[in-house]
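Chemist: Taken in sequence, the protein lines are chains A and B. Under our numbering, the residue at position 31 of the first sequence is numbered 31, and the numbers go up by one with no gaps. Under our numbering, the residue at position 88 of the second sequence is numbered 88, and the numbers go up by one with no gaps.
Hints should not be assumed to be uniformly reliable.
20 Å max Cα-Cα, derived DMTMM-like pairs, lysine to aspartate or glutamate [to be verified]:
hint, chain 1, residue 1, chain 2, residue 2
1, A, Lys-27, A, Glu-72
2, B, Lys-58, A, Glu-103
3, A, Lys-62, A, Glu-18
4, B, Lys-42, A, Glu-40
5, A, Lys-44, B, Glu-88
Far from chain B, some chain A residues (derived; all Cβ distances over 10 Å) [as the list claims (entries may be wrong)]:
hint, residue
6, Asn-7
7, Arg-20
8, Leu-43
9, Asn-53
10, Glu-63
11, Phe-65
12, Ser-66
13, Glu-72
14, Ser-87
15, Gln-108
16, Gly-109
Hints were generated in silico from the structure; no laboratory data involved. Remember, it's a predicted structure, so these values are computed and weren't measured experimentally. We put the CB at the ideal spot given by N, CA and C, even for glycine.
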Amino acid sequence: NAGVMQNPRHLVRRRGQEARLRCSPMKGHSHVYWYRQLPEEGLKFMVYLQKENIIDESGMPKERFSAEFPKEGPSILRIQQVVRGDSAAYFCASSPRYGENTEAFFGQGTRLTVV
Amino acid sequence: AQSVTQLDSHVSVSEGTPVLLRCNYSSSYSPSLFWYVQHPNKGLQLLLKYTSAATLVKGINGFEAEFKKSETSFHLTKPSAHMSDAAEYFCVVSDQLINTGTASKLTFGTGTRLQVTL
Numbered sequence: 001n002a003g004v005m006q007n008p009r010h011l012v013r014r015r016g017q018e019a020r021l022r023c024s025p026m027k028g029h030s031h032v033y034w035y036r037q038l039p040e041e042g043l044k045f046m047v048y049l050q051k052e053n054i055i056d057e058s059g060m061p062k063e064r065f066s067a068e069f070p071k072e073g074p075s076i077l078r079i080q081q082v083v084r085g086d087s088a089a090y091f092c093a094s095s096p097r098y099g100e101n102t103e104a105f106f107g108q109g110t111r112l113t114v115v
Numbered sequence: 001a002q003s004v005t006q007l008d009s010h011v012s013v014s015e016g017t018p019v020l021l022r023c024n025y026s027s028s029y030s031p032s033l034f035w036y037v038q039h040p041n042k043g044l045q046l047l048l049k050y051t052s053a054a055t056l057v058k059g060i061n062g063f064e065a066e067f068k069k070s071e072t073s074f075h076l077t078k079p080s081a082h083m084s085d086a087a088e089y090f091c092v093v094s095d096q097l098i099n100t101g102t103a104s105k106l107t108f109g110t111g112t113r114l115q116v117t118l
């Protein structure tokens, strides 16, 4: 059973370009979470999705950022017109549909560098 | 609302001596609490979790944590540090959503960097 898979592991974009980060949850998991880790900081929640639904996007910047988790395929975090301040590690996590144990399993992250 | 405070940003111990990483939490519901470890340029690994069962939780690599509701604390300990324990440690809280029973978002502390010296 493969873990949470994120790709690419490293992504370099010039200012103004678009960044697409992909996350394939663990098998059987239908909840996906995206977190951002800025240098020397903890992880900050961005968005929580279930299949085809955004449940909580309270941590998403109002502009340029969007996320989706389609019925088929991975979850995508999209950043349009990237700026230097978007440089960070972006982590995806997934969890099972139900259960009191709310453990989330994390991927290894995508490190975005904006030059 | 939920929040986590990690009281020390850096902790340095000698190899073979005990480790104590402190964490206090705030939660509106019955919380789940976790400790994650992050090695340099790696992903996050779950060390242990508390989900309203036993208050003393044992995790991997000899770590354990005790949930103290009266003190709203969930400190991480290890009797004897090893060089390989050097990493960033995150205390995390998750409120149980009473209505659905599913996970709400995780709230991370700012991390404690553990340094282990010879």
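Chemist: Hint by hint, say whether it matches the structure.
Modeler: Quick rundown of the hints versus the structure:
no., hint, result
1, A:Lys-27 to A:Glu-72, "holds, 13 Å"
2, B:Lys-58 to A:Glu-103, "holds, 15 Å"
3, A:Lys-62 to A:Glu-18, "holds, 16 Å"
4, B:Lys-42 to A:Glu-40, "holds, 14 Å"
5, A:Lys-44 to B:Glu-88, "holds, 15 Å"
6, Asn-7, "holds, 13 Å"
7, Arg-20, "holds, 19 Å"
8, Leu-43, "violated, 4 Å"
9, Asn-53, "holds, 12 Å"
10, Glu-63, "holds, 21 Å"
11, Phe-65, "holds, 16 Å"
12, Ser-66, "holds, 18 Å"
13, Glu-72, "holds, 22 Å"
14, Ser-87, "holds, 15 Å"
15, Gln-108, "violated, 4 Å"
16, Gly-109, "violated, 6 Å"
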